Amino acid sequence: MTVLERRYRWLLRCYPRAYRTAHGGELLDLLLDSAGPGRRVPEAREVVGLVSGGLQARVHELARGNPWRDGLHLGITAIMVVNTAALLPYLGSLPIWVVVSLAALLAIVRGRTLLALPLVVVTGAKATAIAAGAQLFELTLIPVYPDFLTGRPLHSTTGPLAVAAGYALVAASLPILRGVRHTRSAWWLAALPLVAWAGPEWISEGGEIFPLSLNRLVLAAALITLGAWAGHVSRDPRWALGSALYLLVLSTEMAQHLDFLSRQHLAYWGLLTFVTVASAALPYRYRRHPLD
Amino acid sequence: MSRLERRYRWLLRAYPTGYRSDYGDELLGVLLDRAEPTRVSPPVREAWALVLGGVRARIVEAAQGPAWTDGIHLGVMVLSLFNFAVLIPYASSVPVWLGMSGLVVLCVLRGRLGLAIPLALLTGVKVVAITLGKPWLDETLLPVFADAPWEGMPALYGNGGPLAPLASWLLMILGLVALAIREERPRRRSWWWLLAVPLVAGTDPAWLDLVAGSPAAVVRVGLETVLLLAAVYAGHVTGDSRWGLAAALYLLPASAVLIETMATAGRQDVAHWGLLLLLTGAATAVPLRARRHVLL
Amino acid sequence: MFSHMPRGTDEVSEPMYFVLTALLDGPLHGHAIMKVVTDLSNGRVKPSVGTLYGILERLSDRGVILVDREEIVNGRSRRYFRITQSGKSILEAEARRMLEAASLVVNRNYA
Amino acid sequence: MSRGSSVSEQTYFVLAALLDGPLHGHAILKRVAELSQGRIILAVGTLYGALDRLAGSGVIVVEREEVVNGRKRRYFRITEEGSGLVQAEAKRMQEAASVVTRRTLGATFS
Chain L
201 MTVLERRYRW LLRCYPRAYR TAHGGELLDL LLDSAGPGRR VPEAREVVGL
251 VSGGLQARVH ELARGNPWRD GLHLGITAIM VVNTAALLPY LGSLPIWVVV
301 SLAALLAIVR GRTLLALPLV VVTGAKATAI AAGAQLFELT LIPVYPDFLT
351 GRPLHSTTGP LAVAAGYALV AASLPILRGV RHTRSAWWLA ALPLVAWAGP
401 EWISEGGEIF PLSLNRLVLA AALITLGAWA GHVSRDPRWA LGSALYLLVL
451 STEMAQHLDF LSRQHLAYWG LLTFVTVASA ALPYRYRRHP LD
Chain P
60 MSRLERRYRW LLRAYPTGYR SDYGDELLGV LLDRAEPTRV SPPVREAWAL
110 VLGGVRARIV EAAQGPAWTD GIHLGVMVLS LFNFAVLIPY ASSVPVWLGM
160 SGLVVLCVLR GRLGLAIPLA LLTGVKVVAI TLGKPWLDET LLPVFADAPW
210 EGMPALYGNG GPLAPLASWL LMILGLVALA IREERPRRRS WWWLLAVPLV
260 AGTDPAWLDL VAGSPAAVVR VGLETVLLLA AVYAGHVTGD SRWGLAAALY
310 LLPASAVLIE TMATAGRQDV AHWGLLLLLT GAATAVPLRA RRHVLL
Chain B
452 MFSHMPRGTD EVSEPMYFVL TALLDGPLHG HAIMKVVTDL SNGRVKPSVG
502 TLYGILERLS DRGVILVDRE EIVNGRSRRY FRITQSGKSI LEAEARRMLE
552 AASLVVNRNY A
Chain Y
256 MSRGSSVSEQ TYFVLAALLD GPLHGHAILK RVAELSQGRI ILAVGTLYGA
306 LDRLAGSGVI VVEREEVVNG RKRRYFRITE EGSGLVQAEA KRMQEAASVV
356 TRRTLGATFS
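If you read the protein sequences in the order shown, they are chains L, P, B and Y. Under the working numbering, the first residue of the first sequence carries the number 201, and numbering increases by one thereafter. Under the working numbering, the first residue of the second sequence carries the number 60, and numbering increases by one thereafter. Under the working numbering, the first residue of the third sequence carries the number 452, and numbering increases by one thereafter. Under the working numbering, the first residue of the fourth sequence carries the number 256, and numbering increases by one thereafter.
The shape of chain L in the complex, shown without the other chains (with noise of 0.2 Å):
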């Protein structure tokens, strides 16, 4: 295994697994060929083709089956990473409601979308109660405090309204998805801390009203940006309509707050509107050419 190889194998891993395994030992041989004798160090030009080209089989793999089904999947487990890590700096006073949370994500992240719906409503119903300062199943000392990643009361500031429409656009589209199994990678699951910790306050100004912590923000844009360029590569409107629901469900919050969003959500807002819009026009563009 001379050095360039290892070089040329690390190159490799851009690819999808499937991909690599299947034609992986094709690709290293024309590398290793038509590279010249003594080389160490892969040419630019073929970094430049390896990265690009894996990253665009990636995709292409990520673009099968039916579009609507699946970025209606992507949209709802997005969705449900924001409610579970809306939950999970409350473990200490409200396990159960945690855990059934996070089973709930698990289901639809593994496809089994029936045995999530009963777990997606009751969470649901809970999680709204506690925004309406009701009680429900079990009693809970409302508010109810967080025990770490975040200071702030669960569900202070967002209204019922904004809770409910959440889970409610999980749970209607669950029923849908029933057929085919759908599954997502597990790398959703790692966003769960990051979305559900505070982190930075970037938005000071109105900050206390709707907080938006500087991770989420840019968690968001890039997923929804990544989504935009995989649609026009693919020429497949899956991501869009992904992060069509993911905006829906943030404009529901933002809209609860209208009158005082600082400057700084509304410039967010605009903006992760515009790319989503961009994102669902990008498939439809004029083909250059008969192949295009």
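Mixed in with the good hints there might be a few duds.
To be verified - With a straight-line cut-off of 20 Å between C-alpha atoms, the simulated DMTMM-like cross-links for lysine to aspartate or glutamate are:
#	chain 1	residue 1	chain 2	residue 2
1	B	497	L	243
2	Y	327	P	85
3	Y	346	Y	336
4	Y	285	B	543
5	B	486	L	233
6	B	486	L	246
7	B	497	L	459
8	Y	346	B	543
9	Y	327	P	198
10	Y	346	B	490
11	B	497	L	226
12	Y	346	B	476
13	Y	327	P	81
14	Y	327	P	64
15	B	497	L	246
16	B	497	Y	350
17	B	486	L	226
18	B	486	Y	350
19	Y	285	P	85
20	B	486	L	243
21	Y	327	P	84
22	B	486	L	229
23	Y	285	P	92
24	Y	285	P	105
25	B	497	L	229
26	Y	285	P	95
27	B	497	B	508
28	Y	346	Y	264
29	B	539	Y	350
Claimed, not checked - Computed from the model, here is a short list of chain Y residues facing chain P with C-beta under 7 Å:
#	residue
30	280
31	281
32	298
33	299
34	300
35	301
36	303
37	304
38	326
39	327
40	328
Source of the hints: derived by calculation from the structure; they are not laboratory data. This structure is a prediction, so every number in the text was calculated from the model and none was measured. We treat Cβ as the ideally placed atom computed from N, Cα and C, and that holds for glycine.
Take the given structure of chain L and dock chains P, B and Y to it, following the hints.
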């Protein structure tokens, strides 16, 4: 004159006046010949092509003449505009110097460098005096406070250190000297540039209060972004790097501001500087790439 | 030098055109395709491996080419790609359009 | 037609239209549509953008100006450099096309 012709004439105003007077009729003739007799409003495709063609014609016309001279002149003009705008809130306390820096703007705009250099030098010395708190040249009560609508603002150059104002004035003077040395006479700039002055009046970069999102600060950042994006597009269309050069000239004082106020600079100031750096980088890189691909 | 794809024209990109042309003589694997493409374009088109396989995957997604067979050569599997009938017709349409466009200029002198 | 050189398809047809002699704007539009069998319909703004660019780089020149029913008209002529460019592009396309026609004809006969 049919309604269609009037609408096409209105669309042709996208083209620069020189081009319009030379070829406007020709384009109009072809447009009207091609239109079906019953047509009343221009088709979207033609309208869009005219607007785009007009903008490109304006950019190509702006790309005439030596790139270095024009680039420096553009940068110097933008700097003089911003330097003048910063002084406006303190008109009643430093009227002489405000008038002088206004004259500098006019001279740079009309391309009369001989007059601009001494004025810029004098005002520059006074600016340094104010920042260092020395009573040079004339008696001004220090620190200088803002007038009526801008009372909330801190004293003139009170916020950042002496480096930033000095940097922007010195850079302007150096640019003027460089232009004077080169024999080509810089072109006259359009009066529209003066429109920027009221927009950015009183927005001292050192005090640019982005966090509070004060309207003036947002307008200034918006104007900077729009101008830099236009520079990137112009560089892409013509492969000419004068706009990149002007953007770089503008970036230097902005960087001096950030370096000086580093201790108190908030996240937004750093993000603002990052945006400027990114756009300036694009404005300088895009023309080189465009030149490599012959855009025939 | 493969320059950028201009907007609004309907020509197939050059590497794609030469990859399809290379497969006209029969199924080939990646290495041979690379060599033939470079020869056909007399050195002008030399795609990187990533780009080449990007094109091969897109063409096979579209059914323009397909995997003819797979051979194991010193432990590694190699796919041989074959052009399909629809691939041939797209290629011939491109060639015809180029010939027509070229004839506007070249044959004019003799007419 | 595969794109390899720097000449875009629109530019190619505009230059090809001028090979038979100087033309003014409207005639170029019609000729380009004819030559491309209706495939390329240029907007006036796009055409004159291209003509200005080509004139700027010396590929075409304004041969004369006429005033027709009150409106000035420029007649564009292709230069030596221009015809050299379009000939090279045509040869390149012909070569690329013959690679295919040779094989497909060969396939039909063999």
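Hints, one by one, checked against the model:
Using a Cα cut-off of 20 Å, the hinted pair residue 497 of chain B and residue 243 of chain L holds, with the two alpha carbons roughly 13 Å apart. At roughly 6 Å between alpha-carbon atoms, residue 327 of chain Y and residue 85 of chain P fall within 20 Å of each other, so this suggested pair holds. A hinted pair counts as satisfied when its Cα atoms are at most 20 Å apart, and residue 346 of chain Y with residue 336 of chain Y qualifies at roughly 15 Å. Restraint check for residue 285 of chain Y and residue 543 of chain B: not satisfied, since their Cα atoms lie roughly 27 Å apart, outside the 20 Å limit.
Simply put, residue 486 of chain B and residue 233 of chain L have alpha-carbon atoms about 11 Å apart, close enough for the 20 Å limit, and the pair holds. Taking the CA atoms of residue 486 of chain B and residue 246 of chain L, the gap is about 16 Å. The hint holds against a cut of 20 Å. A C-alpha spacing of about 59 Å is found between residue 497 of chain B and residue 459 of chain L, which places the hinted pair above 20 Å, so the restraint is violated. Simply put, residue 346 of chain Y and residue 543 of chain B have alpha-carbon atoms about 18 Å apart, close enough for the 20 Å limit, and the pair holds.
Restraint check for residue 327 of chain Y and residue 198 of chain P: the C-alpha separation of about 64 Å exceeds 20 Å, so the hint is violated. At roughly 17 Å between alpha-carbon atoms, residue 346 of chain Y and residue 490 of chain B fall within 20 Å of each other, so this suggested pair holds. Taken as a hint, the residue 497 of chain B and residue 226 of chain L pair is honoured in the structure, with Cα atoms around 18 Å apart against an allowance of 20 Å. Our distance criterion of 20 Å between C-alpha atoms is broken by residue 346 of chain Y and residue 476 of chain B, whose separation comes to about 23 Å.
Restraint check: the Cα-Cα separation between residue 327 of chain Y and residue 81 of chain P comes to about 9 Å, which is no more than 20 Å; the hinted pair holds. Restraint check: the Cα-Cα separation between residue 327 of chain Y and residue 64 of chain P comes to about 16 Å, which is no more than 20 Å; the hinted pair holds. Of the supplied pair hints, the one linking residue 497 of chain B and residue 246 of chain L holds, its CA atoms being roughly 11 Å apart against a limit of 20 Å. Distance restraint check for residue 497 of chain B and residue 350 of chain Y: the Cα-Cα separation of roughly 17 Å lies within the 20 Å cut-off, and the hinted pair is therefore satisfied.
Of the pairs offered as hints, the one joining residue 486 of chain B and residue 226 of chain L holds, with about 15 Å between alpha carbons and a cut-off of 20 Å not exceeded. For the suggested pair residue 486 of chain B and residue 350 of chain Y, the alpha carbons sit about 18 Å apart, so the restraint of at most 20 Å is met. Using a Cα cut-off of 20 Å, the hinted pair residue 285 of chain Y and residue 85 of chain P holds, with the two alpha carbons roughly 16 Å apart. Simply put, residue 486 of chain B and residue 243 of chain L have alpha-carbon atoms about 18 Å apart, close enough for the 20 Å limit, and the pair holds.
For a cut-off of 20 Å, the pair hint linking residue 327 of chain Y to residue 84 of chain P stands: about 6 Å separates their Cα positions. For the hint linking residue 486 of chain B to residue 229 of chain L, the alpha-carbon distance of about 14 Å falls within 20 Å, and the restraint holds. Distance restraint check for residue 285 of chain Y and residue 92 of chain P: the Cα-Cα separation of roughly 11 Å lies within the 20 Å cut-off, and the hinted pair is therefore satisfied. Restraint check for residue 285 of chain Y and residue 105 of chain P: the C-alpha separation of about 16 Å stays at or below 20 Å, so the hint holds.
Simply put, residue 497 of chain B and residue 229 of chain L have alpha-carbon atoms about 17 Å apart, close enough for the 20 Å limit, and the pair holds. Under the criterion of a C-alpha separation no larger than 20 Å, the hint pairing residue 285 of chain Y with residue 95 of chain P is consistent with the structure, at around 15 Å. Distance check on the hinted pair: residue 497 of chain B and residue 508 of chain B sit about 18 Å apart at the alpha-carbon level, within 20 Å; holds. Restraint check: the Cα-Cα separation between residue 346 of chain Y and residue 264 of chain Y comes to about 14 Å, which is no more than 20 Å; the hinted pair holds.
With a C-alpha separation of about 18 Å, the suggested pairing of residue 539 of chain B with residue 350 of chain Y holds against the 20 Å cut-off. The closest approach between the C-beta of residue 280 of chain Y and any C-beta of chain P is roughly 4 Å, which is under the 7 Å cut-off, so the hint is satisfied. With 7 Å as the threshold, the beta carbon of residue 281 of chain Y comes within range of chain P, its nearest partner Cβ sitting at about 5 Å, so the hint holds. The closest approach between the C-beta of residue 298 of chain Y and any C-beta of chain P is roughly 3 Å, which is under the 7 Å cut-off, so the hint is satisfied.
Of the supplied interface hints, the one on residue 299 of chain Y holds, with its beta-carbon coming within about 5 Å of a beta-carbon of chain P, less than 7 Å. Restraint check, residue 300 of chain Y versus chain P: the minimum CB separation of about 3 Å is within 7 Å; hint holds. For residue 301 of chain Y, the interface hint holds, since its Cβ comes within 7 Å of a Cβ in chain P; the closest pair sits about 5 Å apart. A cut of 7 Å between beta carbons decides the hint on residue 303 of chain Y: the least distance to chain P is about 6 Å, and the hint holds.
Restraint check, residue 304 of chain Y versus chain P: the minimum CB separation of about 4 Å is within 7 Å; hint holds. Nearest Cβ of chain P to the Cβ of residue 326 of chain Y: about 4 Å, under the 7 Å cut. The hint holds. Because the smallest distance between the Cβ of residue 327 of chain Y and any Cβ of chain P comes to about 5 Å, under 7 Å, the interface hint for this residue holds. A distance limit of 7 Å between C-beta atoms decides the matter here; for residue 328 of chain Y the minimum to chain P is near 6 Å, and the interface restraint holds.
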